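All chains, full assembly: derive it from the sequences and hints.
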Amino acid sequence: MHPDLLIHTKMKKAQIQIGETIAVLFVFFILIIIGFMFYVKIIKSNIELETEELSQLRSVGISQKIMFLPEVQCSEDNIIIDNCIDILKLDSAQSIMKKNEIYYYDLLEFSDVSISQIYPNEAKWNLYSRKIEDFNSKFVTNVPISLYDPATRKHGFGVLTIETLFK
Amino acid sequence: MMNKKGFEIQFNWIFVLVAGTAIILFFTVVVIKQKNVSETSTKATILKSMEAVITGASVSTDTTNIIDIPNSDIEVDCGRVSIGGVSKQYQSLVLFAPSLIKGNKLITQTLAFSTPYRATNLLYITSPQMRYIIIGDSKLAKEINKSMPSELKKEFYQSMPEIKNMNNYKIRFVLFENLIDFPKALEKMPDSDVTAIKINGDSEKGIIEFWQKESNSWLSKGTSFYIGKQSLIGAIYADTLDVYECNMRNVFSRLNLVTKIYAERTKKLTQGATSGRQFQCNQFYSNALSQLNSIFAASSNFNKGNIDVIADSAKSLSSENKNAQIYSCTLIY
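Order-wise, the sequence lines are chains A and B. The opening position of the first sequence corresponds to residue 1 in the numbering used here, with each subsequent residue numbered one higher. The opening position of the second sequence corresponds to residue 1001 in the numbering used here, with each subsequent residue numbered one higher.
Heads up, some of the hints might be wrong.
Here are the computed distance ranges between Cβ atoms for each label pair [to be verified]: (1) I132(A) to E1177(B): 50 to 60 Å; (2) Q1091(B) to E53(A): 23 to 33 Å; (3) Q1091(B) to I80(A): 18 to 28 Å; (4) Q1034(B) to P3(A): 51 to 61 Å.
Read the hints as simulated data drawn from the structure, not as lab findings. Remember, predicted model here, so these are calculated numbers, not experimental data. Idealized CB from N, CA, C, for every residue including glycine.
Okay, here's the thing in structure tokens:
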């Protein structure tokens, strides 16, 4: 074979080999990227699930905090009565919580808290309201409660509605 | 020919080297990123459990819990809890804790702050690795020792013992009598890790002096006040005067809001008690209202004068509530 032709053939072979290696590397990186994308997708869905769970937990936490607020809770000689709201406290708590909305934001975050009396009369109190427009999740918790009127010493029945919003 | 072949082999090696470096670099970046994400995620998990503790504290009183957490250093400041770079800010948090909580366990305690009605819950957090040395022979010293959880690394002495260094990261002395001489065994510890409070008062109210180690003696860090055993316990857990006073200011602002509600409620009870059997109750409600108004005015600021006013009014209010109970009136709180 002519020496020039031999050099040309060997050069071509080397070029093909380099091309092959580049192709292998390209495929390797493509596979890694696909694997990585798959991993990110799984992680993302896990994070979304965790966020949802966390929002639910926070919502339950806010509901619990409201139920135990000394501002509205019933007590007899400083002994707390569970699931009971004092109507006389409610009237003043409503205006005080509205006036100190920023203070209560620390406890109740972005939420809307209202109490509806069902029996003996129908009445409604809006305790706290701080909402956001661009929320991602919203949870509504309804808690049946006893509404105590210390003036008449009678218990009524109502529902505490807590609407929590999360970004 | 040989030169060309040699060049081809060398080029192959260079190519392998570049490709290998690129692959190693890629995986190193991925591993480092993943490590950072994992660390941040652990910190966020601890912070979440702290949030859960804080929520739990606001809904339960007189409870003690031991919580397992990943080994970490939690920094607590006025209205801020942080772990590494992750932190959570609170506007009106009542959390009495040392400035640094180390270890894989948290001891939490909650007590109600009542004057005499419950205004808020006080949350105390500390580490089992922190050492508390209570020295005193008074009734209050014994009560405080009993009130603090048994899970704590606490020691109670009636007089000054010989103190040994047990390699705790922080030591807090709680002194009910005179200030002790600085223990020689603790001289090598960092200054900020050995602190003391000297209590002068009873279970109702009193003065707290804050001290900190300075080489081989004590350095005064200032004086503050307490109202009730609960706030005194707060001064034991919080290792700096600033954190204690910040928490007490938050307690007072909550007391102010709650008192306003109780005052309005009592006013309504007074209006409703103008006829029949309930007329007798009116007097108790009027007396209670004036006490509530004085607590409301005094809770606007945390200082010695206001503490005295609140303590006196709380006593009177408690007796008015008892009177209301005796005469079968609706209770004030």
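Falls inside 23 to 33 Å, the C-beta gap from Q1091(B) to E53(A)?
Taking Cβ atoms as reference, Q1091(B) and E53(A) lie about 26 Å apart, which means the hint holds.
Do the beta carbons of Q1034(B) and P3(A) sit within 51 to 61 Å of each other?
The hinted range 51 to 61 Å holds for Q1034(B) and P3(A), with Cβ atoms some 55 Å apart.
Between I132(A) and E1177(B), is the Cβ distance one that fits in 50 to 60 Å?
holds (55 Å)
Given the hint of 18 to 28 Å, is the C-beta distance from Q1091(B) to I80(A) inside that range or not?
holds (25 Å)
Checked against the numbered hints listed earlier, the structure breaks none of them; every hint is satisfied.
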